[in-house]
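What follows is each chain in one-letter form.
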Amino acid sequence: MNRRSQSILALAILGLMTGTASADTIKVGVIGTMSGPYALFGKNFKMGIDAWVAEHGTKAGKHDVEFIYRDEESPNPAKSKALAQELLVKDKVQYLAGVYFTPNAMAIAPLLEESKTPLIVMNAATSSIVEKSPYIVRTSFTMWQNTVPAAKTALKNGAKKVAIAVSDYGPGVDAEAAFKKTFEGEGGAVVEAVRIPLATTDFSPIMQRIKDSGADTIFTFLPSGPPTLGFVKAYIDNGLKAGGVKLMSTGDVVTEPDLPNIGDAGIGILSTYHYSVSHDSKENAAFLATIKKGGGNLDEVTMTSVAAYDGARLIYKMIEATDGKRDAAKAVDAVKDMKWVSPRGPVSIDPTTRHIRQNVYLRSVEKVDGKLINKESQTFADQPDWALSAK
Amino acid sequence: MRTVFSIMIDAVAYGMVLFIISIGLSIMMGLMRVVNLAHGAFAMIGGYLASYAIRDLHVHYSVAILMAVVGTIIVSIPFEILLYRRIYRKSDPLIQVLMTIGITFFIIGIVNFIFGPSLKSIPLPQTLSGPLDIGFRMLPTHRIFVIACGVVTALALWLLIEKTEFGIKLRASVDHSGMADALGIRTEIIYAVTFALAIGLGAFGGVVGAEILPIEPFYALRYMVTFLVVVSVGGAGSILGALSASLLLGLADTTGKYLAPEFGDFFFYLSVIVVVFLFPHGLFGRSHA
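Taken in order, these protein sequences are the chains called V and B.
Taking my numbering, the leading residue of the first sequence gets 1, the next gets one more, and so forth.
Taking my numbering, the leading residue of the second sequence gets 1, the next gets one more, and so forth.
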């Protein structure tokens, strides 16, 4: 590089930096499933962020914050990458956030270091995402985090032979590995492991296969959305529930908006998860009250709203720490080791993995005051991502 | 042996859903030579109407099916008069495909706007929900109902086409529409009635099949290929063809899912390739010169 081009580059960088520093509106690009079968979860990103803004105002420090939403629609890495590029180049966002699906988050990751942009992952739950860039922080959960307590619970409840049925993509494979390692490590047997294609809607043959395997417990993970309801119904209607086969899952299969559709037949299904809408704490009550005041429907609240609410907290902190300048490393450093009480319970950001540590709760579907909820009965305190941290 | 029975019964249930929805499409392609890509969209409208009728109007499942079928036919009337009537039997396939895919996107947009983007369940009445013990395994009661619906639909259509005066006129119009016209058969009325019948069957299939193919705004696109495949494997316009294609594909798909779920749709499309290779016009199709 000769002297001339060096100085042009330096000028350009200077221009870019002063440009962002003097601009008083910091833009945050949120990529979420705003339409299509998974639209509910994108809507929840917005509900969570809106709740944070309603409580803490549109200013972070001295800077106005503006959230710009884009629709990732489905597991479509190419589209998500294009959306992220558009947000970075055209809208000049300083932060990226959201992302429902793992493949989409993986596609965005390479852009972060090029553009020095932090990404707050508010859902995508494959452990390795945070390893793809030092600028990724995650406020949702991982499959390992939620699955290890599930395996421990199954052991404690006396399960001997388990059939694992997971969606055939990143998080599903993670869930299968996490359950297998924990369960077999303590002497249990996994008699069947089915990986189900993502587009499956008819689960009857899979239930029959599980039944024939002689398993006493099923462990499952499917991404929240249309397939989970079909899976639970097939489990009930093919007589596995009546036949005494227990269903264990991460909470993705029994999200609160799906419970009325599953109906009373779902009572007793066990799950381990980091957030229940019915979680009993004053932080959660305040969070739900804010959502309701903002016109949100409490029957539509899911885990993605609380991940987005906490994600917005991190973004505000990052903007304050960097005083509105584009400095991804400083921004990410500012939130490492952060501790606070979220609507889901006490949480912290693990400084080495940049993933959230949180309580995982054992819940069962129960009917309380005529409404089906996930009732928490046991707490696994301060759980890390078990794939990334040993304790 | 038990496993074989298990697979068979799931396969027949899935096949029957495919049959009820696809037979309408098959009739339209066979008779009017219209490749109606919007067929799934009309099935979806049926599903949404039934869901709305049960969940918001609290009517019985049977009434909801009736409302869905009649409602969907009413919705389809303007489409028939303004658009479909112009492309029966004459237009080139490109115009048909562009027009009907346009209608599909239009319906997806409208449905998304009115009912929202989430999945809509169609609650089953007590008698049809829950498991049923059929000796060697437990089966969702609803599957038995679906199989019965498929058998009744196939029989009723066969009687209608083979044994009634309408059927005679219909077959005459298919074989030689010009001659039928000249003999005083009002072919445009035959076409309109057949269109309504095809759409009504689609809506019926959309409702009773909702447990297996759940109703959501992208239903129309998601299953479009599946329905077209049934028609091309069975041969356009043939009841027996659609029935055997549905059962064959249902069997391939279910067996695949049971024995090797990680292969996904591989066995489904493998059997499609084999059949179309051996029978280019479908199992029971006739070549249209």
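Just so you know, these hints were derived from the structure itself, not from any lab.
Since the structure is predicted, the reported quantities are computational estimates derived from the model, not experimental observations.
Wrong hints could be hidden among the right ones.
Computed footprint of chain B on chain V; a stretch qualifies when at least three of its residues, placed anywhere within it, have a C-beta under 8 Å from a C-beta of chain B [stated by the list, open to error]:
#1 31-44
#2 221-234
#3 247-253
We put the CB at the ideal spot given by N, CA and C, even for glycine.
Task: Proximity test - 8 Å, beta-carbon atoms, the stretch 221-234 of chain V to chain B, at least three hits - done: Contact hint for the stretch 221-234 of chain V vs chain B: holds, 6 residues under 8 Å.
TODO: Closer than 8 Å, Cβ to Cβ, for at least three residues: run that test on the stretch 247-253 of chain V against chain B and report holds or violated.
DONE: Contact hint for the stretch 247-253 of chain V vs chain B: violated, 0 residues under 8 Å.
Open item on the list: Quick check: do three or more residues in the stretch 31-44 of chain V have a beta carbon closer than 8 Å to a beta carbon of chain B?
Closed with: Holds, because 5 residues of the stretch 31-44 of chain V bring their Cβ atoms closer than 8 Å to Cβ atoms of chain B.
Going down the numbered hints, you'll see the structure goes against just number 3.
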